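Chemist: Residues per chain, in single letters:
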Amino acid sequence: MKRKGLNMEQKRNLTGWAFLLPAALLIFVFCFYPMVQALILSFQKGTGSAVQPAGFANYARILKDATFQQCLFNTIFYFVIQVPIMLILALILAQLLNSPDIKGKGIYRTMIFLPCATSLVSYSMIFKSLFANDGLVNRVLSTVGIPTVDWFQNAWAARWVIVIALVWRWTGYNMVFYLAGLQNIDYSIYEAARIDGASPLQQFVHLTIPLLKPTILLTAIMSTSGTLQLFDESVNLTAGGPGKATMTLTHYIYNISFVETPKFNYAAALSVFILVVVAVLSAIQMKVGDKRD
Amino acid sequence: MTKGKKILAHAVLILASFLSVFPLYYMLCGATNTSIDVVRGKLIPGTYLVENFKSLVANQNLGLAMANSFRNAILMTLITLLVCSIAGYGFEIYHDKAKDALMSVLLLAMMLPFVAIMIPLFKMMSHWGLVNSWAAFVLPSISTPFMIMLFRQASRSFPNDIIEAARLDGLSEIGIFFRMFVPIMRSTYGAAMTVTFMNAWNSYLWPKIVFQSNASITMPMLVANLKSGYSVDYGMLMLGVLICTLPTAIIFLCLQKSFANGITGAVK
Amino acid sequence: MKKKNAAALMAAAMAASLLVGCGGAASSEATSAAESKPAESTAESTAADTTADGDETLTVWAWDPNFNIYALKQAEAIYQKDHPNFKLNIEENVYSDIETKLITAATSEDYSTLPDLFLMQDYSYHKMVANFPGIYTDLTDSGLDWDKFSGGKLADSTVDGHHYGLPFDNGASVMAVRSDMIEKAGLTVDDFKDLTWSEFEEKAQKVVDANGVPMLTSSGGSELIIEMMQSAGASPVVDGEVKIADNAALKESLTVYKDMVDKGILAEYTDWDQYIASMNDGKAAGVINGCWIMSSVQAAADQSGKWAIVNMPKLDGIDGATNYANCGGASWAVSSNCKNTELAFDFLKSTFGSSVELYDDLLPNAGAISSYLPAAESDVYNQPSEFYGGQTVYKDIVNFAGQVPAFDCGAYYSDVRSALTDAVTNIVQNNADIDSEMQNAQDTVEFNIAG
Numbered sequence: 001m002k003r004k005g006l007n008m009e010q011k012r013n014l015t016g017w018a019f020l021l022p023a024a025l026l027i028f029v030f031c032f033y034p035m036v037q038a039l040i041l042s043f044q045k046g047t048g049s050a051v052q053p054a055g056f057a058n059y060a061r062i063l064k065d066a067t068f069q070q071c072l073f074n075t076i077f078y079f080v081i082q083v084p085i086m087l088i089l090a091l092i093l094a095q096l097l098n099s100p101d102i103k104g105k106g107i108y109r110t111m112i113f114l115p116c117a118t119s120l121v122s123y124s125m126i127f128k129s130l131f132a133n134d135g136l137v138n139r140v141l142s143t144v145g146i147p148t149v150d151w152f153q154n155a156w157a158a159r160w161v162i163v164i165a166l167v168w169r170w171t172g173y174n175m176v177f178y179l180a181g182l183q184n185i186d187y188s189i190y191e192a193a194r195i196d197g198a199s200p201l202q203q204f205v206h207l208t209i210p211l212l213k214p215t216i217l218l219t220a221i222m223s224t225s226g227t228l229q230l231f232d233e234s235v236n237l238t239a240g241g242p243g244k245a246t247m248t249l250t251h252y253i254y255n256i257s258f259v260e261t262p263k264f265n266y267a268a269a270l271s272v273f274i275l276v277v278v279a280v281l282s283a284i285q286m287k288v289g290d291k292r293d
Numbered sequence: 001m002t003k004g005k006k007i008l009a010h011a012v013l014i015l016a017s018f019l020s021v022f023p024l025y026y027m028l029c030g031a032t033n034t035s036i037d038v039v040r041g042k043l044i045p046g047t048y049l050v051e052n053f054k055s056l057v058a059n060q061n062l063g064l065a066m067a068n069s070f071r072n073a074i075l076m077t078l079i080t081l082l083v084c085s086i087a088g089y090g091f092e093i094y095h096d097k098a099k100d101a102l103m104s105v106l107l108l109a110m111m112l113p114f115v116a117i118m119i120p121l122f123k124m125m126s127h128w129g130l131v132n133s134w135a136a137f138v139l140p141s142i143s144t145p146f147m148i149m150l151f152r153q154a155s156r157s158f159p160n161d162i163i164e165a166a167r168l169d170g171l172s173e174i175g176i177f178f179r180m181f182v183p184i185m186r187s188t189y190g191a192a193m194t195v196t197f198m199n200a201w202n203s204y205l206w207p208k209i210v211f212q213s214n215a216s217i218t219m220p221m222l223v224a225n226l227k228s229g230y231s232v233d234y235g236m237l238m239l240g241v242l243i244c245t246l247p248t249a250i251i252f253l254c255l256q257k258s259f260a261n262g263i264t265g266a267v268k
Numbered sequence: 001m002k003k004k005n006a007a008a009l010m011a012a013a014m015a016a017s018l019l020v021g022c023g024g025a026a027s028s029e030a031t032s033a034a035e036s037k038p039a040e041s042t043a044e045s046t047a048a049d050t051t052a053d054g055d056e057t058l059t060v061w062a063w064d065p066n067f068n069i070y071a072l073k074q075a076e077a078i079y080q081k082d083h084p085n086f087k088l089n090i091e092e093n094v095y096s097d098i099e100t101k102l103i104t105a106a107t108s109e110d111y112s113t114l115p116d117l118f119l120m121q122d123y124s125y126h127k128m129v130a131n132f133p134g135i136y137t138d139l140t141d142s143g144l145d146w147d148k149f150s151g152g153k154l155a156d157s158t159v160d161g162h163h164y165g166l167p168f169d170n171g172a173s174v175m176a177v178r179s180d181m182i183e184k185a186g187l188t189v190d191d192f193k194d195l196t197w198s199e200f201e202e203k204a205q206k207v208v209d210a211n212g213v214p215m216l217t218s219s220g221g222s223e224l225i226i227e228m229m230q231s232a233g234a235s236p237v238v239d240g241e242v243k244i245a246d247n248a249a250l251k252e253s254l255t256v257y258k259d260m261v262d263k264g265i266l267a268e269y270t271d272w273d274q275y276i277a278s279m280n281d282g283k284a285a286g287v288i289n290g291c292w293i294m295s296s297v298q299a300a301a302d303q304s305g306k307w308a309i310v311n312m313p314k315l316d317g318i319d320g321a322t323n324y325a326n327c328g329g330a331s332w333a334v335s336s337n338c339k340n341t342e343l344a345f346d347f348l349k350s351t352f353g354s355s356v357e358l359y360d361d362l363l364p365n366a367g368a369i370s371s372y373l374p375a376a377e378s379d380v381y382n383q384p385s386e387f388y389g390g391q392t393v394y395k396d397i398v399n400f401a402g403q404v405p406a407f408d409c410g411a412y413y414s415d416v417r418s419a420l421t422d423a424v425t426n427i428v429q430n431n432a433d434i435d436s437e438m439q440n441a442q443d444t445v446e447f448n449i450a451g
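Chains as they are written, first to last, in our numbering: chain Z, 1 to 293; chain H, 1 to 268; chain Y, 1 to 451.
Worth flagging that the hints you see were computed from the coordinates, not collected in a lab. Fair warning: there could be bad hints in the mix.
Derived PhoX-like pairs: lysine-lysine, alpha-carbon spacing no greater than 25 Å straight-line [as the list claims (entries may be wrong)]:
hint	chain 1	residue 1	chain 2	residue 2
1	Y	LYS206	Y	LYS258
2	H	LYS54	Z	LYS105
3	H	LYS5	Z	LYS11
4	H	LYS99	Z	LYS103
5	Y	LYS349	Y	LYS148
6	Y	LYS258	Y	LYS283
7	H	LYS42	Y	LYS283
8	Z	LYS287	H	LYS97
9	H	LYS42	Z	LYS105
10	Y	LYS263	Y	LYS243
11	Y	LYS306	Y	LYS203
12	H	LYS54	Y	LYS258
13	H	LYS257	Z	LYS103
14	Z	LYS11	H	LYS54
All figures in this text were calculated on a predicted structure; none of them were measured in a lab.
The following block holds chain Z by itself, in its conformation from the complex:
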């Protein structure tokens, strides 16, 4: 590369920019521009012709908002508990499906992927009926001799239902990315490791995870974003309840914009706040995970 003329280098650099320009432009126009609008909105009061400057009043409100704090807590809980469980499960399944001497891989793959293709309506209906007071889960629990749980009436139980539902729905989805990633790894590396006497666990930790690092970063970022955007499960599965015990941030922002007395300026302030927090989070993820080594 260094030997090449500066001219050539510049030309390629420009080609790179040309390649990514349409995509970047679209994101700037249809995402960042509205975001700036939201930022402006967050420093105002009222809508339409009755707009007034509000300084930091909307941000000050965040600190006093108990519902927001509850939703923030819920979202962090989902993030900390659900994301690792799901990604590890997905990795294990992908690893199993990648080994050459397992038969019927295509069928397994399709079946495990199916949950995320399932429409939200049916998925929330079945989870609600499975975890109902006299649903299948409680019936199984009582047969085994474990006390039954009021899944949707108890705050912690309801949060776990959401976690279980999310893991169920998205594990296969993440597995697909790992599978695609694993295809880029030559299987002979594993053969060599096995001859060297590496256990399956060692292979997993020392081969699969490092080699899949770009994909893992990708799914981690996707899950971070997914958790922040979490809306459907909160709305359809638990309606945020009991009380506000399972409500997510996005659900709350939707509510204060479209369900309760509308407070768009405050909703905008909340969004900006979330964005700032997440910007820091993903900066860390990128720093840790995006090294070209």
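Place chains H and Y on chain Z using the hints.
Modeler: Structure of chains H and Y alone, referenced to chain Z:
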């Protein structure tokens, strides 16, 4: 792999598959039973499929919703794959500090709750006179940081030797992308296609907002309609849901081979 | 204008750059873009046609094919008798989406996506009119005969003396009970009429003991609590001021509710589908809700003859307590985007505003109980219902509806409901103190209003 391990692996996979498929079975039972049987949790397939289908067709414009959903999802997938894969390739193959920084900035767009930008976005579309048009629906969703990132990460494993060799052969940069990268990266394209298709197929809120007319009804909207009445026909609903799920499942079934037998054979 | 052009140019340039960059695939995109054009232009042309003379098409949003959409189709047929060119273009939308679309349009001040007419839930009128007045056409001087609707129902869609909605369906609360289960306890359906909650609890306990199922099923949340409050006319918001913490009727409602849960008289299902299933499955001997719940009760055809409708119990020791409340119900609104308001007014006047013929059809075929008072005098309302053991349920419901006390949530119904749901949950699930939960709800609603 020893026999014991193999059995264990199969056991894990069978368990995972069973748990995954159960809801589909539930849908299937629902679609073939009467509403009251669904409510009562009957888990045996029934004989009411034809009646449910008849009432579904009488109740909703199934053909139109299917056609719209397919048109939207297919076009969106094609455009998205093209725009994002070339961008991801551009970000990685020609990477420098500025491009890496830009990528990090773009990722922020993923973290923004859509409901927060929905109103400004609608204002923008309204200002441009695009409300009620296909452009308003499609423009905000074509380019997603996630897809760019997916192709950027995939490009990392694209061997540099191939690029150098192609350049020596006198292939243009864009030629390398289309003639070398695209065919070799079949597995990534397969995964990306499945995901984009699924997202486009299931998108609900934004199309609902920008389209006024029933003429643009999609399958998720149809399913939502089935559930919006004061008394719900659950048999019909389950059939609607089943029909809405099938295309994504079938697409996956067709595409999964491509990311199972992908790059390994092709490269070396 | 200039800005608009520049933006359009930019969009065009971007589209072009997409097309140029991509060789083979470009052609398919180009044709598809062209294909999508006709659909748009037809949409535009229908919108344009409405404004032109001679065209008599109105676009309407509603949400239930078996209920309000059916009603629209019947109304269209009736109006077409005198206006052969008239046409309704009915767009089915989930109700929450209707509100989302209205709000998005209003905040963008682009009303062009709105239909001519739409149906809106009564509880939303005050909130929507107060925050987004630009959506509506004032119906006060539209020539509709407001005297033919009950004052209580009209109040929901009347803001500052201006009418914004023409009442459609009735949401009078009913208590649907299983007559067979009541008889098994040695009681009769008549024993459950005109009760206070303490009398009710006593009798309900016998039914619970005899049948081994709760007397009532509840969908959780605060729906029933709000109905109980309303039955005593105890508004949670009076003249814009929140009256939750010191609301005696609310306190009594919460106390009774909690007591019933503890005694197994009332079972909570937080999920709607499970709630419906509990009625259809015989997992409860009754339910209290707006009369529209009857269509779900009737879904279990094999329980025909085993149900009866009575009024709900009233609160003990509360001034103004009655056996009547209301839950749900909707009214027709005319949007500000309606170009042909003459036609819209005349259509509403000739159908939902005056046609007994229409309401006579809607009762048996859609189960829609009218809030148009003269309709209730029609013969159809005197017909016995087989499902309810030959009871003249519709007459009874109309009778209930006439006695519902006035009740006001101001523009804050959703805020109140959400805050009370939290309170109920904490009281029932965590044995939280009723007074402090009421104070919390008061604080939450005040915090929301102060936004």
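Chemist: Could you run down the list of hints and mark each one as holding or not?
Modeler: How the hints compare with the structure:
Taken as a hint, the LYS206 (chain Y) and LYS258 (chain Y) pair is honoured in the structure, with Cα atoms around 18 Å apart against an allowance of 25 Å. Distance check on the hinted pair: LYS54 (chain H) and LYS105 (chain Z) sit about 37 Å apart at the alpha-carbon level, beyond 25 Å; violated. Taking the CA atoms of LYS5 (chain H) and LYS11 (chain Z), the gap is near 54 Å; set against the 25 Å cutoff, the hint is violated. For the hint linking LYS99 (chain H) to LYS103 (chain Z), the alpha-carbon distance of about 43 Å lies beyond 25 Å, and the restraint is violated.
A hinted pair counts as satisfied when its Cα atoms are at most 25 Å apart, and LYS349 (chain Y) with LYS148 (chain Y) qualifies at roughly 12 Å. A threshold of 25 Å between alpha carbons decides the hint, and for LYS258 (chain Y) with LYS283 (chain Y) the separation of about 20 Å falls inside it, so the pair holds. The straight-line distance between the Cα atoms of LYS42 (chain H) and LYS283 (chain Y) is roughly 16 Å, inside the 25 Å bound, and the hint therefore holds. For the hint pairing LYS287 (chain Z) with LYS97 (chain H), the CA-to-CA distance comes to about 13 Å; that is within 25 Å, so the pair holds.
Among the hinted pairs, LYS42 (chain H) with LYS105 (chain Z) is inconsistent with the structure: their alpha-carbon atoms are about 31 Å apart, more than 25 Å. A C-alpha spacing of about 29 Å is found between LYS263 (chain Y) and LYS243 (chain Y), which places the hinted pair above 25 Å, so the restraint is violated. Restraint check for LYS306 (chain Y) and LYS203 (chain Y): satisfied, since their Cα atoms lie roughly 18 Å apart, inside the 25 Å limit. The hinted pair formed by LYS54 (chain H) and LYS258 (chain Y) fails the criterion: a straight-line CA distance of about 45 Å is larger than 25 Å.
Proximity of LYS257 (chain H) to LYS103 (chain Z) is assessed by CA-CA distance (about 14 Å); at most 25 Å being required, the pair is judged to hold. Under the criterion of a C-alpha separation no larger than 25 Å, the hint pairing LYS11 (chain Z) with LYS54 (chain H) is inconsistent with the structure, at around 62 Å.
Taken one by one, the earlier hints fail for this structure at numbers 2, 3, 4, 9, 10, 12 and 14, listed in ascending order.
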